[in-house]
Each structure stands twice: as C-alpha cells, then as structure tokens.
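S.K.: Spelled out from the first residue to the last, the chains are:
Number of protein chains: 2
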Amino acid sequence: MTTELAFIEALRALATHPEARGLDDDVAVLDFGGEALVLTHDAMVEGVHFLPGQDPADVAWKLVATNLSDLAAKGAEPLGVLLGYQFGADDLRFLAGLKAACEHYGAPLLGGDTVSAAGAQTLGLTALGRATHRPVPARSGVRPGDSLWITGPVGAAMLGLEALKSGHGDSEAYRRPLALLSSGRILAPHVSAMMDVSDGLLLDASRMALASGVTLAIDRAAVPLAGPEDRRDEALRWGDDYQLLFTLPPGCEPPLAAFRIGAALPPGEAPLLLDGRAPDPAEKLGYEHR
Amino acid sequence: MTTELAFIEALRALATHPEARGLDDDVAVLDFGGEALVLTHDAMVEGVHFLPGQDPADVAWKLVATNLSDLAAKGAEPLGVLLGYQFGADDLRFLAGLKAACEHYGAPLLGGDTVSAAGAQTLGLTALGRATHRPVPARSGVRPGDSLWITGPVGAAMLGLEALKSGHGDSEAYRRPLALLSSGRILAPHVSAMMDVSDGLLLDASRMALASGVTLAIDRAAVPLAGPEDRRDEALRWGDDYQLLFTLPPGCEPPLAAFRIGAALPPGEAPLLLDGRAPDPAEKLGYEHR
Chain L
622 MTTELAFIEA
632 LRALATHPEA
642 RGLDDDVAVL
652 DFGGEALVLT
662 HDAMVEGVHF
672 LPGQDPADVA
682 WKLVATNLSD
692 LAAKGAEPLG
702 VLLGYQFGAD
712 DLRFLAGLKA
722 ACEHYGAPLL
732 GGDTVSAAGA
742 QTLGLTALGR
752 ATHRPVPARS
762 GVRPGDSLWI
772 TGPVGAAMLG
782 LEALKSGHGD
792 SEAYRRPLAL
802 LSSGRILAPH
812 VSAMMDVSDG
822 LLLDASRMAL
832 ASGVTLAIDR
842 AAVPLAGPED
852 RRDEALRWGD
862 DYQLLFTLPP
872 GCEPPLAAFR
882 IGAALPPGEA
892 PLLLDGRAPD
902 PAEKLGYEHR
Chain F
622 MTTELAFIEA
632 LRALATHPEA
642 RGLDDDVAVL
652 DFGGEALVLT
662 HDAMVEGVHF
672 LPGQDPADVA
682 WKLVATNLSD
692 LAAKGAEPLG
702 VLLGYQFGAD
712 DLRFLAGLKA
722 ACEHYGAPLL
732 GGDTVSAAGA
742 QTLGLTALGR
752 ATHRPVPARS
762 GVRPGDSLWI
772 TGPVGAAMLG
782 LEALKSGHGD
792 SEAYRRPLAL
802 LSSGRILAPH
812 VSAMMDVSDG
822 LLLDASRMAL
832 ASGVTLAIDR
842 AAVPLAGPED
852 RRDEALRWGD
862 DYQLLFTLPP
872 GCEPPLAAFR
882 IGAALPPGEA
892 PLLLDGRAPD
902 PAEKLGYEHR
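Line by line, the protein sequences give chains L and F. Counting from 1 along the first sequence, just add 621 to a position and that's the residue number in this note's numbering. Counting from 1 along the second sequence, just add 621 to a position and that's the residue number in this note's numbering.
Derived by calculation from the structure, the hints in this document are not laboratory data. Treat the hints loosely; a few may be bogus.
Stretch-level coverage of chain F by chain L, calculated; a stretch enters the list once three of its residues show a Cβ under 8 Å from a Cβ in chain L [to be verified]:
no. : region
1   : 648-657
2   : 663-672
3   : 698-707
4   : 724-734
5   : 741-749
Every residue, glycine too, gets a C-beta built ideally from N, C-alpha and C.
Pulled out of the complex, with its shape left as it was, chain L reads as follows (with noise of 0.2 Å):
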C-alpha cells in the first residue's frame, strides 16, 4: 500500500544516525564502548506471521529465532533479548517456547513489557548482539565480480507450513527456524555482503543488490531446494527459511560448505537476474511486509 510504503521511506529519512540502517527487516549497528553493538527489532502478529492457533512455543521460538538470524547475518553473537508482550490464549505455552529458544541460543531475557489487548496478538522482540568481527558485514558491500551463494536449501518453511495447515507431513521447518549464528560467526570475516534470507531469496537479492548499486545474477538451478523440482519457482520467492545469503571476492572460497548460485555485475537494468533475464514485474519477488 502506497500509505505505508510512504510511511516507511519517511521512517527511514528519519532514521538519520549514520549506523541506523533504516527500519523494517533492518539491523543497526552502533559505536559503545570501543566494540559494535548489532541491534535489530522485529514483530510478529497472529494472523500475518503466525497462524490463529499455532502453538504459542513455536510462536515464541520463532520470534527469538527471527530476530536473531538478523543477529547472523552481522557475525554477531547475541547479548540478550527484549520482549513486547500482548497477552493471548495460551501464555504459559509461549513463555516454555522463549524459555527453550533463548537457552538454545544463550540469549538472555533482559526485560520487556505486557500488554492486553484487544484483536490479533501482536509480539515484539528486540536483540542485541556483539559483533565478533569488524567491518560488521553489510547488505550493501557487494561489488562487481563477487561470486554469490547460500547456506543452505530454500522452500523448507514453505513445505512445512503446507504441513501445518494439512497436519500431514513435518512442519518443524516453519514451526521452528533456526538462525545460523555460528555460520554467520565464521563467514563474516570472508564475505563482501551478507543477510539472512527472510521474505524469499529474489526479494532479498534484490535487496542486496540495490543495497549494493549492482545487478545480482542468479542461475535458477543451481539454488538449493528443500522440496519437489515442480515447486522451485515458488521456493525461490517463499520467505521463513533464514538461511544466509552472501558475497565473496573473486577467488575466495567459503570457509563452510555452502552453494554458489550467482554473481555480482556491474549495474545494469535490473537489480536482479534470473538465468540471465530480469523477472517479470508484475510477479512478486517475496513477501512484501505490510
């Protein structure tokens, strides 16, 4: 919606501190005490992000998991957590889920607030992190003759949701992403740009790309795919899988096994190209947060 789009440009303009990196999907980094605190905020809300019903421990997990794969994707290890509360149907269920994902991240608690309220439950979670390497690597850092590539498969989260609402099948992958804090440790001192892959790869090469003033290259096929051949088109634009998408200097090699599915260009026509052809416009690159 062009209101909100218009909201979030003017949200960004706000965001003038030179480290602020702008909102939405965004992670800051700031300058305290001689070392680079990585700081991002993300939301969620029942209906959107998470299904009316969904256990409210995966609900939890997933929050933390989602904000601190924004944490990965900087090479930071995490400080702790904040959480924004609204009260809803099962809160013990979602406190054992926090419990679980910020033990399995060595991710404090450090406060927060509680709310009730009426209609869909909306959740709120800060993170801090430490970066572990400097320059923190950016979205922006690509350049011409990068090579591109990925952690691992895309579609996962898309296949597990499909499972969830069915009740057939696994659905863990959507349930319960994980954020490759240690993959991002051990890459952010090679990489030339990362960020984690969080509203579908196109979308976010995009991303990159603009972010970068380059044209990303992808070849279609050689994208990783958690699911059927028939569904890649669809897993190339499905978000929730977080996994690191990244950028090497020519030459370089990934310090971990990890799939190569493009390369940087000089800016041409488009941010973006799919075997060598820009996408359609008129088809959506991602989810598109509202």
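For this one, chain L is given, so just place chain F on it according to the hints.
M.R.: The following block gives chain F in isolation, referenced to the frame of chain L:
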C-alpha cells in the same frame, strides 16, 4: 489477573541474566565494552495507554518520552530507539510526533519494524542509553535512614487526561509528558536509589521499598500537587507524571530543586506508610499493568 501475574513472575524468573532487572517497567543494565548499556522496552495499546482518536503525534511523543523516562531514572543519556509500529489511523501524524520527540531528546531512530493488524493499535519502543554514572542507580538501593524525594508535583497527567476527555482545559501534561533526562543525570551520582513514577507515586514507592527491603514512610501533605487539594488522594495514586522518585543518604541534600516527601525505615509490616499508617490493602495504590 492471576494468570497474567503468574506469567510475569515466570518471565522474571526467566530473566536470569545477573544484570536483568526483570520485566514490566523495568530496565536492564548490561556491561558492554567497558561501559554500562541501559535498555528498556515499553509497549502502549490504544484504549489502554492512549485514547482511541487521540492525536497520533501525541501518542508517538508519549511512547518516546515514557521509555526515555526509564533511562532518566538510570542517569543515562539516550543512544537511540527502535520502534515496533502497527499501522493506525494517521501514520504521518504519528511520524511527525516521533520526529519531534526524537529531535527534542537527541534520541535517533535506529530501526524497527512495521506491521498491519486488526484490532487495537499496539506500539512498542526499545530505548537504549549509556549510563553517565556508575554504579547505575537502581530502585533497590534504599537504606534505612535515607530521605525520600520527588522532583516535582503529581496529578498533572490526571488533570490533563480529564481536560482531553472533556475538551476543556490544558491537556499537555497528559499528551506530552517529559522525560527528565537532565535531572536524572544530575541526580545519579548522589542518590542511593532512583526510579521514575509511571504508575502512581504510592505504587511505585511501594515497589522501591520492596526492592530495597525497607519501609518507605511518606508524609502525605509534603507531596507536591499539580491540582486542587481535594484531588490529593487520587493524585498520589495516578500515574503518567514521570517525576523521578529518589532517596539520599542521611545528611545529603539534593543537587537540584526537589521535594522531600518522606524517609526510609527498617522493614516493617508494610512496605509503605502514609502518614504513619499502611494504606488499606483493598484500595489500589496505582495503575496495575495488564
């Protein structure tokens, strides 16, 4: 509601970090890079913390000011804020108020997230600050013999809300509360304990007493009042004024203009005495969060 209180208690138990002060109205202090990082997250809900139909610019201002008030109570200077924003009736008006508050307090917008959801508008803000004095003041530092002080009158927000609802009189104290950041920084090196009064003087003083393991004896007539004398009992229980409540060791005078309203005693049968008597347990001391 018992379940919600149980949930908050459980959340507090989960907040195991030694520097975590817990959930709800509370502030975390983290050692980071040799400095003390101060963190708080407060949420506001339409119909609970602000009126449906209230000017969104005022709502934004209040969201920023109430979070920065938590930093003020720690003697911290703001580093910035992260916003969790649910789209509402007039997003550009909200933005105008956000910009005004961020500029007024020198607290840049660092990031955040936007969501659309049905139902009451829910807003969250995380504020970060740098402590200007260590040890960082806490509500738990009161010792028997300390004197109890407040920076200014209570009741202004109560009268402001009435003015806003009736359409007559000055509503600014309710619409645009002030975060006393300068006062907090001046006080921090002198106080034995400090907090902001967000939920009502009597309730917040009883929290300070419980956290410190003392009894706080308040001289009812000594509390400065923004309204008429016949509103005194209400004003002592009304929140939203964001004055700073603090204690000083015996023999110390405050470094700024303030009002002496009582003293700390060894722990007695009640955490709070008003003119020497424990308040009626059936009567609310202030605004209890839901």
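S.K.: So which of the earlier hints does this model not fit?
M.R.: Failing hints: none at all.
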